[in-house]
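Undergrad: Residue numbers (the working numbering), protein chains in the order written: chain G, 1 to 303; chain X, 1 to 303; chain D, 1 to 303.
Since the hints were made in silico from the structure, they are not lab data. For every residue, glycine included, the Cβ atom is placed at its ideal position computed from N, Cα and C. Keep in mind that a hint or two might mislead.
Said to hold, decoys possible - Simulated restraints on C-beta separations:
(1) X:Q108 - G:Q239: 28 to 34 Å
(2) G:D149 - X:N118: 23 to 29 Å
(3) X:T109 - G:E27: 46 to 52 Å
(4) X:G257 - D:R228: 55 to 61 Å
(5) X:T109 - G:E204: 50 to 56 Å
(6) G:D149 - X:G181: 54 to 60 Å
(7) X:G110 - D:A36: 52 to 58 Å
(8) G:E23 - D:R228: 52 to 58 Å
(9) G:R226 - X:Q108: 18 to 24 Å
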Amino acid sequence: MEKPDRGLHHLLGIDSLTDRDIESLIERTLELSNGAPASSASVTTANLFFEPSTRTRVSFELAALRLGMRVINIELEKSSATKGESLEDTVATLAAMGVGCLVIRHPQTGRLQQLAENLHAPIRLLNAGDGQGEHPSQALLDAATLAADGLDWSQATIAIVGDIRHSRVAGSNLKLFDRLGAGRLRIAGPEEMLPDPPGIERVEVCHSIEAAVRDADVIMMLRVQRERMDRAGWPDPDQYHRRWGLNPAHLELARPGCRVMHPGPINRGMEIDGAVADSDQSLILDQVRMSVFARMAIFEWLH
Amino acid sequence: MEKPDRGLHHLLGIDSLTDRDIESLIERTLELSNGAPASSASVTTANLFFEPSTRTRVSFELAALRLGMRVINIELEKSSATKGESLEDTVATLAAMGVGCLVIRHPQTGRLQQLAENLHAPIRLLNAGDGQGEHPSQALLDAATLAADGLDWSQATIAIVGDIRHSRVAGSNLKLFDRLGAGRLRIAGPEEMLPDPPGIERVEVCHSIEAAVRDADVIMMLRVQRERMDRAGWPDPDQYHRRWGLNPAHLELARPGCRVMHPGPINRGMEIDGAVADSDQSLILDQVRMSVFARMAIFEWLH
Amino acid sequence: MEKPDRGLHHLLGIDSLTDRDIESLIERTLELSNGAPASSASVTTANLFFEPSTRTRVSFELAALRLGMRVINIELEKSSATKGESLEDTVATLAAMGVGCLVIRHPQTGRLQQLAENLHAPIRLLNAGDGQGEHPSQALLDAATLAADGLDWSQATIAIVGDIRHSRVAGSNLKLFDRLGAGRLRIAGPEEMLPDPPGIERVEVCHSIEAAVRDADVIMMLRVQRERMDRAGWPDPDQYHRRWGLNPAHLELARPGCRVMHPGPINRGMEIDGAVADSDQSLILDQVRMSVFARMAIFEWLH
Numbered sequence: 001m002e003k004p005d006r007g008l009h010h011l012l013g014i015d016s017l018t019d020r021d022i023e024s025l026i027e028r029t030l031e032l033s034n035g036a037p038a039s040s041a042s043v044t045t046a047n048l049f050f051e052p053s054t055r056t057r058v059s060f061e062l063a064a065l066r067l068g069m070r071v072i073n074i075e076l077e078k079s080s081a082t083k084g085e086s087l088e089d090t091v092a093t094l095a096a097m098g099v100g101c102l103v104i105r106h107p108q109t110g111r112l113q114q115l116a117e118n119l120h121a122p123i124r125l126l127n128a129g130d131g132q133g134e135h136p137s138q139a140l141l142d143a144a145t146l147a148a149d150g151l152d153w154s155q156a157t158i159a160i161v162g163d164i165r166h167s168r169v170a171g172s173n174l175k176l177f178d179r180l181g182a183g184r185l186r187i188a189g190p191e192e193m194l195p196d197p198p199g200i201e202r203v204e205v206c207h208s209i210e211a212a213v214r215d216a217d218v219i220m221m222l223r224v225q226r227e228r229m230d231r232a233g234w235p236d237p238d239q240y241h242r243r244w245g246l247n248p249a250h251l252e253l254a255r256p257g258c259r260v261m262h263p264g265p266i267n268r269g270m271e272i273d274g275a276v277a278d279s280d281q282s283l284i285l286d287q288v289r290m291s292v293f294a295r296m297a298i299f300e301w302l303h
Numbered sequence: 001m002e003k004p005d006r007g008l009h010h011l012l013g014i015d016s017l018t019d020r021d022i023e024s025l026i027e028r029t030l031e032l033s034n035g036a037p038a039s040s041a042s043v044t045t046a047n048l049f050f051e052p053s054t055r056t057r058v059s060f061e062l063a064a065l066r067l068g069m070r071v072i073n074i075e076l077e078k079s080s081a082t083k084g085e086s087l088e089d090t091v092a093t094l095a096a097m098g099v100g101c102l103v104i105r106h107p108q109t110g111r112l113q114q115l116a117e118n119l120h121a122p123i124r125l126l127n128a129g130d131g132q133g134e135h136p137s138q139a140l141l142d143a144a145t146l147a148a149d150g151l152d153w154s155q156a157t158i159a160i161v162g163d164i165r166h167s168r169v170a171g172s173n174l175k176l177f178d179r180l181g182a183g184r185l186r187i188a189g190p191e192e193m194l195p196d197p198p199g200i201e202r203v204e205v206c207h208s209i210e211a212a213v214r215d216a217d218v219i220m221m222l223r224v225q226r227e228r229m230d231r232a233g234w235p236d237p238d239q240y241h242r243r244w245g246l247n248p249a250h251l252e253l254a255r256p257g258c259r260v261m262h263p264g265p266i267n268r269g270m271e272i273d274g275a276v277a278d279s280d281q282s283l284i285l286d287q288v289r290m291s292v293f294a295r296m297a298i299f300e301w302l303h
Numbered sequence: 001m002e003k004p005d006r007g008l009h010h011l012l013g014i015d016s017l018t019d020r021d022i023e024s025l026i027e028r029t030l031e032l033s034n035g036a037p038a039s040s041a042s043v044t045t046a047n048l049f050f051e052p053s054t055r056t057r058v059s060f061e062l063a064a065l066r067l068g069m070r071v072i073n074i075e076l077e078k079s080s081a082t083k084g085e086s087l088e089d090t091v092a093t094l095a096a097m098g099v100g101c102l103v104i105r106h107p108q109t110g111r112l113q114q115l116a117e118n119l120h121a122p123i124r125l126l127n128a129g130d131g132q133g134e135h136p137s138q139a140l141l142d143a144a145t146l147a148a149d150g151l152d153w154s155q156a157t158i159a160i161v162g163d164i165r166h167s168r169v170a171g172s173n174l175k176l177f178d179r180l181g182a183g184r185l186r187i188a189g190p191e192e193m194l195p196d197p198p199g200i201e202r203v204e205v206c207h208s209i210e211a212a213v214r215d216a217d218v219i220m221m222l223r224v225q226r227e228r229m230d231r232a233g234w235p236d237p238d239q240y241h242r243r244w245g246l247n248p249a250h251l252e253l254a255r256p257g258c259r260v261m262h263p264g265p266i267n268r269g270m271e272i273d274g275a276v277a278d279s280d281q282s283l284i285l286d287q288v289r290m291s292v293f294a295r296m297a298i299f300e301w302l303h
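Only chain G is shown next, with the shape it has when bound in the complex:
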């Protein structure tokens, strides 16, 4: 992959990617998924997760191992974080030890951006999710999954359904689908889960799942964060499933062959029926499969 000299050293979000970056990353992901040889770097990457996520951590770890990278997992309850060291000092320390890349998940929106701005060390930051901000590797793997499936972006109607307001997956995907020239972008969810205003101007806000999925080519369901369910004013699980859960009848409203996506892990019977998740129209396991290749492409691109 050709890599022009660029000021960018991190993957923090979608906005900082050039069109060429996006194109290269998706193209390289598809190449890797088709068995193209991967560069085998001796770079060390460290996973630094301030929120638990086996799925994402393992996906990054497998991607790094397949590239021949060394991987360090840092368990946070045991780390210097509990000794009062700042994240900035932790990053400087790992950089001094020769760690070349840090995959960070952090509960605070914008924390990665802030970290990158004050960074003096030659270490790459890879945003694996910051609060309600971005999760760019998820968006890139989702786009690669749709590209592998032959989606015609300019003709596609893509609906994202669920807690849009608090979802970094929705945040990054809407930006990326917009950049890729998706024909129509829709979001839908309970009133208190809708962003105000939506980050992308041309996004259509739908007030029922039926309106969102009608004639859609892609339906992306978001995971319900069960812990939010207890809050006042929020729907209970049964009510949520009845009003916002994706069931087979909804697929009848969509375009024939409409694809169903979900970043996982799925709550069967909550935001999605098990039968839909397991159907031929589901790309959920394709997303998982592509996740490793997309993250390999990202590691290659960072270095």
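Chain G is already provided as a structure; the job is to place chains X and D on it using the hints.
TA: Below, chains X and D without anything else, positioned relative to chain G:
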């Protein structure tokens, strides 16, 4: 190792192994322990332990690393399991990410069997202990240890002493020793720790440790689960040690050169005297040493 | 590196090192930091930390990985330690599994020494900190950092400031700096944090930070253990910072170009001002960088 095409893709228990499988696995274990070159696969294995076990997890990890496999450890308190994802979905996800083999320990008897029956993904399951069911890799390494020690199976009297009823180690070992044609099989333990009926018909049930070890060639002591000790009707530790703990006097009752085994970790002064565990007749560290080679042989056989 | 036949098989503390050992280890650390090829052993090392320390554990892990060693991390809350197995049995088990080297941190002073005395297995022990005893790899990396910086040992005045009494870093460094022929060695700290008597006879005890740093070539600040701060009679953080924290004015009292060190993680605004930690005179990140090379040299020397 020659590997005929077989329907079997997992190691769930002893029953599903053919005689040829058992023979090959033990033979290959001994070869590896004598320094035969190991195949170096690029398969990724993941350790998924729903019950803690450093000893077993590390043994599997070392076996995989020596074969050149990639190893992922999944920490369960941080995993999707806590996010409500089913084990079936976790396994499908790991398979989609390219994990080729899953080493699973689960507290529920039969959970691995159930998982295998519903499995659609090309991933191998390796039972590292399911509830009170099986622990087949332990049985295979124990048999290999005895084979390396030159045991004549048909002439051998083997006694297993302790909480037979709740022990998956006893469960798998009795099946395997039976299949290997052990001369006499005995079990012994407190009344409430005896299976009713014993799984293997020809097993002799003894009601004292003295009866069990008399003229024995092999005595296998089981670990006392201290947490069970608090239950009503169960013996207290001192009482247990006096009645069921293996001490040097017992070895006088056994055949000369009788071997002492224990799956570990041992409770010194509870089910076994330290002096016996450390004696020349103890194979306990031989079992540990063989554990890595047996698990290498199992990984090779699975793929 | 030439390695004469020696009775020593472990790195437990500074006293058991010969002058030639010390010289070789520092020399080899500097070679490695300058890019000399590292030997690539197939030895397996295991990290066994009974006290949490991401920094030290990661540094050892990176050193081992760069040497091509296999690394196992043993999480203690899940380990056999919680099943009542003795540390001696855990070590014998890991040795039987083929682990060649154990990096151990233990809260009990002298526990590693005790372990080594009763050890029968061919496994190397590497003391990564035992209670208030020693932390020899830290002292070796500190000495290598100063050597790389061109320190003239015989002319150097080195001051260590903080909780000397409870610090294994101070303990090992004082011994090593003494062996390396440092010109003057000073310690300073609150009365209740001073050793009585000091382990090294020629150490000068100072009763203010100003006295300690005057004309110093090297100032090593120790981390304040916040948990100790709550004890009766101990200074509160503000008071500690005012009386014992290193600030820019102190550097005016020292020799021009005086070097500032700290084993990390640092408490900014407690034992050291952020401005001092980040200044040109700070070797703190150099220590971190050198830590990986020093531990590579130690692994090579152990095997």
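Undergrad: Check the structure against each numbered hint from earlier and tell me which ones fail, lowest number first.
TA: When the structure is compared with the hints, none of them turns out to be violated.
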